[in-house]
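Participant: If you want the building blocks of each chain, they are given just below.
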Amino acid sequence: GESVGLHLPTLSVQEGDNSIINCAYSNSASDYFIWYKQESGKGPQFIIDIRSNMDKRQGQRVTVLLNKTVKHLSLQIAATQPGDSAVYFCADAGGNAGNMLTFGGGTRLMVKP
Amino acid sequence: GAGVSQSPSNKVTEKGKDVELRCDPISGHTALYWYRQSLGQGLEFLIYFQGNSAPDKSGLPSDRFSAERTGGSVSTLTIQRTQQEDSAVYLCASSLEARGSGANVLTFGAGSRLTVL
Numbered sequence: 001g002e003s004v005g006l007h008l009p010t011l012s013v014q015e016g017d018n019s020i021i022n023c024a025y026s027n028s029a030s031d032y033f034i035w036y037k038q039e040s041g042k043g044p045q046f047i048i049d050i051r052s053n054m055d056k057r058q059g060q061r062v063t064v065l066l067n068k069t070v071k072h073l074s075l076q077i078a079a080t081q082p083g084d085s086a087v088y089f090c091a092d093a094g095g096n097a098g099n100m101l102t103f104g105g106g107t108r109l110m111v112k113p
Numbered sequence: 001g002a003g004v005s006q007s008p009s010n011k012v013t014e015k016g017k018d019v020e021l022r023c024d025p026i027s028g029h030t031a032l033y034w035y036r037q038s039l040g041q042g043l044e045f046l047i048y049f050q051g052n053s054a055p056d057k058s059g060l061p062s063d064r065f066s067a068e069r070t071g072g073s074v075s076t077l078t079i080q081r082t083q084q085e086d087s088a089v090y091l092c093a094s095s096l097e098a099r100g101s102g103a104n105v106l107t108f109g110a111g112s113r114l115t116v117l
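The listed protein sequences derive, respectively, from chains A and B.
The first sequence maps to residues 1 to 113 in my numbering.
The second sequence maps to residues 1 to 117 in my numbering.
Keep in mind that a hint or two might mislead.
[Stated by the list, open to error] No farther apart than 27 Å at their CA atoms in a straight line, the calculated lysine-lysine pairs in the DSSO-like style are these:
(1) K15/B <-> K71/A
(2) K42/A <-> K112/A
(3) K56/A <-> K11/B
(4) K42/A <-> K57/B
(5) K57/B <-> K17/B
[Stated by the list, open to error] From chain A, some residues computed to sit far from chain B (all C-beta separations above 12 Å):
(6) Q45
(7) K56
(8) V62
(9) T63
(10) Q81
Treat the hints as calculated values from the structure; they're not laboratory data.
Being a predicted model, the structure only gives us computed values, none of them experimental.
Where is the CB? At the ideal position from N, CA and C, for every residue including glycine.
Put together the whole structure using the sequences plus the hints.
Facilitator: Have a look at this one:
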């Protein structure tokens, strides 16, 4: 079966610094990945996605990097702000037909003022 | 609607009682998912509906759990004879694309927090 996991359960960064959240996956057939942000008391919200034919994708202050060789992806947040404090999940949404979204345990990002 | 709506937002019940949780997906979204999130944990898949196809119930933890989706829109998750370990946030999500389409972005509701005493 496929598993998606996160390396660090909690990440604490200073406001203004860059944040890097890591994620590993096990299904080599996975071809589509999504990062979600979940703030306290809310459901997960889509941040950014990436297909396996790319190794980098940029959004507003966020960048996702995909390394298919080691089955690893990361979410980079530039100039982290207090509003970035949340739990971040990566999810695998591709691969075999009928594959379901599988989420890891999440990484809690805490931004210190 | 503009987003995925779930009700109730909070439910406290006694052990052994039945509960119903409701999800109103985004209009036009054919795919609907239920996930469970225990405190401080990730998301556990429960059930998936796609159009008029038979639902994928492979994630339901026991036969006390069931869900239906009427008219391809609103869904109800029912937990019978609730146990304390059922306490969690139950999240509903909908998607325009079918699962496995390769562009499967889910939009989540805020969840229903269930507490079983």
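Participant: All the hints need checking, so say for each whether the structure fits it.
Facilitator: Right, here's what the structure says about each hint:
1. Simply put, K15/B and K71/A have alpha-carbon atoms about 43 Å apart, too far for the 27 Å limit, and the pair is violated.
2. Taken as a hint, the K42/A and K112/A pair is honoured in the structure, with Cα atoms around 21 Å apart against an allowance of 27 Å.
3. Only pairs whose Cα atoms come within 27 Å are accepted, and K56/A paired with K11/B is rejected, the gap being roughly 42 Å.
4. A C-alpha spacing of about 25 Å is found between K42/A and K57/B, which places the hinted pair at or below 27 Å, so the restraint holds.
5. Pair hint K57/B plus K17/B holds up; C-alpha atoms about 22 Å apart against a cutoff of 27 Å.
6. Some Cβ of chain B comes within 12 Å of the Cβ of Q45/A; the nearest lies about 7 Å off, and the non-interface call is violated.
7. For K56/A, the non-interface assignment is confirmed: its Cβ lies about 19 Å from the closest Cβ of chain B, beyond the 12 Å cut-off.
8. The beta carbon of V62/A is kept farther than 12 Å from every beta carbon of chain B, the shortest such distance being approximately 15 Å.
9. Listed as outside the interface, T63/A is consistent with that label: its C-beta sits roughly 18 Å from the nearest C-beta of chain B, beyond the 12 Å cut-off.
10. For Q81/A, the condition that its CB be more than 12 Å from all CB atoms of chain B holds, with the nearest at approximately 22 Å.
Hints 1, 3, 6 from the list above are not met by this structure, while the remaining hints are.
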